[in-house]
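> Got two chains here, each in a separate frame; can you build the complex from them with the hints?
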Amino acid sequence: MRHRQTIALLALIGFFIALYLWLYKIGAIGVLKCGSGACEAVQTSRWADFLGAPVALYGVVGYAVLFLVALVGAQPAFATRRAPTVILAVLASSGLLFTLYLTYLELAVIHAICRWCVGSAVIITVIWVVSMIGLKTWGAGGVGVAQEDRLPVSLPPP
Amino acid sequence: MKPFYAVLGVVVVAGAGWLVWASRTTPAAPPATSGPVPVAADGFRGYVLGSDSAPVEVVEYADFQCPHCGEFAVLQLPTIRQQLIATGKLRWRLRDYPIGNFPWSRVSALAAHCAGEQGKFWPMADTLFLTQSQWGRSSRDPSGYFRDLARGLNLDRDRFDACLASNRYAGRIEASHQEGEARGVTGTPTFFVNGRPWPDERNVSSDRFKQVVDSVIAARHKR
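The listed protein sequences correspond, in order, to chains P and Y. 1 is the number of the first residue of the first sequence in our numbering; add one for each residue after it. 159 is the number of the first residue of the second sequence in our numbering; add one for each residue after it.
Since the hints were made in silico from the structure, they are not lab data. Honestly, I wouldn't trust all of these hints.
[Claimed, not checked] Here's a subset of chain Y near chain P, in silico, CB distances under 10 Å, partners left out:
no., residue
1, H226
2, W280
3, T344
[Said to hold, decoys possible] Listed next, the in silico DMTMM-like pairs over lysine to aspartate or glutamate satisfying Cα-Cα at most 25 Å (straight line):
no., chain 1, residue 1, chain 2, residue 2
4, Y, K278, Y, D316
5, P, K33, Y, E229
6, Y, K247, Y, D372
7, Y, K368, Y, E275
8, P, K33, Y, D316
[Claimed, not checked] Pairwise CB distance ranges, derived in the manner of DEER restraints:
no., chain 1, residue 1, chain 2, residue 2, range
9, P, L97, Y, D200, 47 to 53 Å
10, P, V61, Y, P213, 28 to 34 Å
11, Y, P355, P, V72, 27 to 33 Å
Quick reminder that beta carbons are idealized off the backbone N, C-alpha and C, glycines included.
Just chain Y, with the same shape it has in the complex (with noise of 0.2 Å):
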């Protein structure tokens, strides 16, 4: 029996270890600003693509650094845009749902944002998610790396600069992720269509999303 205590006892000595190292070399995310973020009350409601009188409304709860969202923003999202968004049927809302796991959530939502203040939005938001794997794993703030996307977007770098000193919108942002939760928002990206959940969480394809749109509109015209 000695010998199998002594290997538990290796086991729970170099698991234990692990464990601290790896708690320490990779620290929880820090926050964006110390303290309470403020919430925003500027009643914004998230950036849109698509016709105000588009018949169906999606709104996805996303996180820049979500390697899930990223996936689905470059592989689905851009046949959704050209089969329903573009030809009137849906209008897509972006809102910010940062997931604490992730270091860098909130300063590449701000990056979007900035770019945002200077109508660039849903460029830097397609740029930050294809270029994820480039930024979401580095142990450094990526911040100068969004500056480089600034530039690529010919956005005014001071201007942005200014902006992301500022953390101005961060209040927004956390805005958005308390609606979140409120709406029963745990993980990203999630959807609500027309303000109902997704209703097939397991598959968030384009071609799900076309068939979910037409059954809509199909049952408006119905009644």
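Only chain P is shown next, with the shape it has when bound in the complex (with noise of 0.2 Å):
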């Protein structure tokens, strides 16, 4: 439960910055609060898009999507189930992935950093690791596992 509400609380900080980055993108806010100016470099830049959409918006959509998922998990009604914390740790490893593919970008090819990025980057690793955590100690004395283990004991006599 803990993995999942720390995931919750770190995707919704990372689904506000997305959504700053979408909103200038969007032309909805003027200038970036960068300090060094690197961050428009990077946001008008050809790579600021993706197939075709913003970069900004799958990270609003992405961190949207983990911070749901996690957000159900941590209920109670999904405390035993594996389910969320499998799904988390494919959402995360795919931020992940993506996020490695921006930071190369960043600094092979545009050659600037942003900051709001890099902010971006931090939560989305943090995710993936305590996603990483979570999945490894399910099978080994997590919540889950030890509710699931105690099921049987509360079955009525045959």
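Here you go:
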């Protein structure tokens, strides 16, 4: 449960960062608060779009899905189910791979670093680490197993 | 569970408040003029560097406030001018593609066109890119700064001021932008080589331009 709550919280923060960048991309926000100015270099480059959609929009959708899955998984009714943990691990891994690709573009192609993108990269990395810990501890005495182990005890005698 | 939801609530309120604050303190770019800008029909096809007989033409769609365009103009274009344009291999055509995110895209393009009216488009374009960090981050209209640049380029300031005030090249800029959209331009800088999209969008170095131009010329000689 704890790892799902942690992921929900981190995903919510990541969602607002991605939303901020997307609002900038669609023109709702005029200038990014960036300091170095490199955020605009990144956000206005041709690599700020992926398959015809702004990269930031992928972040908005991705973090929203991560948040919803983690939030649902954190409910008591889902505490003994392994599926949310697996889905979170898959989503976090996909997000991490996409982030690695974007970070490569920033460093090797665009030659500019957007601080908000770095913030998002840190968040998705931590989410991935937490999701892996959740996946690993599930079968080694995690909450779900402990509760599942208790189930036979409560069964009525034959 | 309650503290968890309390923390989520704090994040939601803080995030939403931050977004509202960001959108109010840095509002979206104002249009250069109120209402739709009439598209110029004067057939203007951009300012050109290089020989009319050059075998290769590169069309660049750029935004004077775009940092990536500035970086390209400052770091790569001088070498391209020296190695390819000055040697008669390449002709360079600059087209405006003002990006909506930047508040001063159109007024900076207008400044360049107003300098062009006095025969100094390229010096003004170079200066705009070179000084981009000075005026690009300003929250106030940088027209005054552009007037100072015009004075530094020995332009007739009254004429330059009148040109800026009249907004007379807004239609040209909009026409160029629409042309870029029709060609699939989505960001800047975007290049076309003899009408074809730049073949290596991850590499826009002067060395890569030399390779591409030389290969186009070599292919022409083989025919």
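> Decide, hint by hint, whether the structure agrees.
Verification of the hints:
1. H226: 5 Å, holds
2. W280: Because about 23 Å separates Y/W280 from the closest Cβ in chain P, which is outside the 10 Å limit, the hint is violated.
3. T344: With Cβ-Cβ at 6 Å, under 10 Å, it holds.
4. Y/K278 <-> Y/D316: 15 Å, holds
5. P/K33 <-> Y/E229: 20 Å, holds
6. Y/K247 <-> Y/D372: Given pair Y/K247, Y/D372 holds - Cα atoms ~8 Å apart, limit 25 Å.
7. Y/K368 <-> Y/E275: Violated, because 31 Å separates the two Cα atoms, which is more than 25 Å.
8. P/K33 <-> Y/D316: Violated: P/K33 and Y/D316 sit about 36 Å apart, past 25 Å.
9. P/L97 <-> Y/D200: 47 to 53 Å: 50 Å, holds
10. P/V61 <-> Y/P213: 28 to 34 Å: 46 Å, violated
11. Y/P355 <-> P/V72: 27 to 33 Å: 44 Å, violated
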